[in-house]
Amino acid sequence: MSKKLEVGALLVGALLMISNNTRAEETLTGWLTNFERTKEVKPATDKQYLKECGECHFAYQPGLLPARSWEKLLNADALKKHFGDNAEIDKDTLQTIHDYAVENAADKSFYKRSRKIALATVEGEAPLRITEVLYIKRKHKDIPENMVKGNKDVKSFSNCNKCHTRADKGVFDEDTVVIPNFPDWDD
Amino acid sequence: MKRNYGFINIAISTCLVAASGLVHADDATQNIAIPSIASPYTKSSKSYMLALNDADAPQKQASATAASQSAEFEPPMFSKSNAHKYLGLGTVALVVATALAPKPAENEGGTLTQAQIDEQESSNHARLGKAAATLAAATVVTGLIAHWDDFHVEDGWTDPDNMHALLGTAGALAMLFAVSNAPGGGHAGVGVTGGVAMAAAIKLTW
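Residue numbers (the numbering used here), protein chains in the order written: chain A, 8 to 194; chain B, 19 to 224.
Hints listed in this document are in silico derivations from the structure and should not be mistaken for laboratory results.
Predicted model, so just to flag it, every value in this text is computed and none were measured.
There's no promise every hint is true.
Simulated pairs of lysine to aspartate or glutamate, EDC-like, Cα-Cα distance not exceeding 20 Å [to be verified]: (1) A:115 - B:179; (2) B:221 - A:47; (3) A:98 - A:59; (4) B:221 - A:180; (5) B:98 - A:182; (6) A:79 - A:95.
Sequences are here, hints too, so could you generate the full structure?
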């Protein structure tokens with residue numbers, strides 16, 4: 008019995024180790040058989056998305072919010088009052104970035120942080136701000152106000168890339184955090 | 019016999035450390051007021067520090083994006099998180115090595131002589147198995163230290179970090195159990211299952 012179990016376990020392990028699929032995030036099988044790291048958030052790669060969003064603020068990865076949040080944010084009416092600004096863009100561009108955001112949203116991603124965000128937002132109102140997601144709040148709950156709001160080089164949690172030095176690559180690991188003016192922030 | 023008690027003690031210690039870590043993590047989360055409706059995440063109605071910090075976020079952030087400091091920063095090679103990662107990978111590697119290492123001949127049904135016991139205990143298979151179990155215990159402990167705030171019981175077992183912690187701890191315990199029962203006693207299946215559980219735990223948060 009134990010011999011069979013041993014062989015079976017080794018077989019499962021071997022199957023997992025041998026097979027590889029480069030497009031991990033698209034299917035469960037793909038994710039299971041892919042050994043590239045997917046613990047963070049899928050980096051945003053669409054040039055138009057990066058250009059349009061990145062012109063005014065950090066181009067937040069689509070995996071930071073669920074699809075229904077992007078649906079609410081990326082429509083012509085919503086962009087007229089985009090967090091206090093008029094961020095209207097032409098119809099075709101809007102369609103492109105809308106589709107990209109929705110297709111790569113947290114609830115459609117197998118990246119770990121996106122899966123946690125998707126679980127965090129599965130019920131209730133779709134959050135419009137990433138900083139409204141409880142998972143994100145919880146990860147930052149111990150950061151005192153003076154390191155962010157009172158920090159002239161950060162000012163707001165919405166400026167992810169001010170402290171997360173690999174934010175543009177979708178990496179939000181604690182090891183990559185440097186808070187400006189607070190070199191020993193984690194002591 | 020002494021050795022068996024030793025590993026049982028290690029297993030119990032690991033359990034206690036794991037349990038205390040869970041309690042600690044739970045305590046931390048209980049500081050967050052969670053209202054009564056919907057999921058544990060979305061039922062939040064209280065503003066936390068994060069929301070307070072974000073209340074007057076600048077409307078125009080073009081200058082903020084420009085000043086990313088990623089260029090000059092290199093993440094540390096040695097960190098709690100990296101230690102946990104490498105210990106986990108090392109554990110899985112040692113499980114594979116243990117399973118592949120030649121096993122000393124077992125005396126089917128009969129009583130082992132002292133010479134046979136000595137031979138089994140000094141075999142590469144036994145040494146690798148013990149090393150794998152020790153590394154597994156160290157992985158669990160470093161995981162609790164480095165990631166104590168990443169798992170929360172109220173998020174349920176579909177949460178990848180919760181599954182990671184559960185599978186990793188179960189895998190480590192299975193390995194300790196296998197080592198304490200070796201030689202014989204069907205320890206091989208339990209040991210390899212422990213290794214597979216740890217590998218699955220790694221995959222979930224890889």
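So, going through the hints one by one against the coordinates:
no., hint, verdict
1, A:115 - B:179, "holds, 18 Å"
2, B:221 - A:47, "holds, 13 Å"
3, A:98 - A:59, "holds, 13 Å"
4, B:221 - A:180, "holds, 17 Å"
5, B:98 - A:182, "holds, 9 Å"
6, A:79 - A:95, "holds, 14 Å"
Violation of the numbered hints given earlier is absent; every hint is satisfied by the structure.
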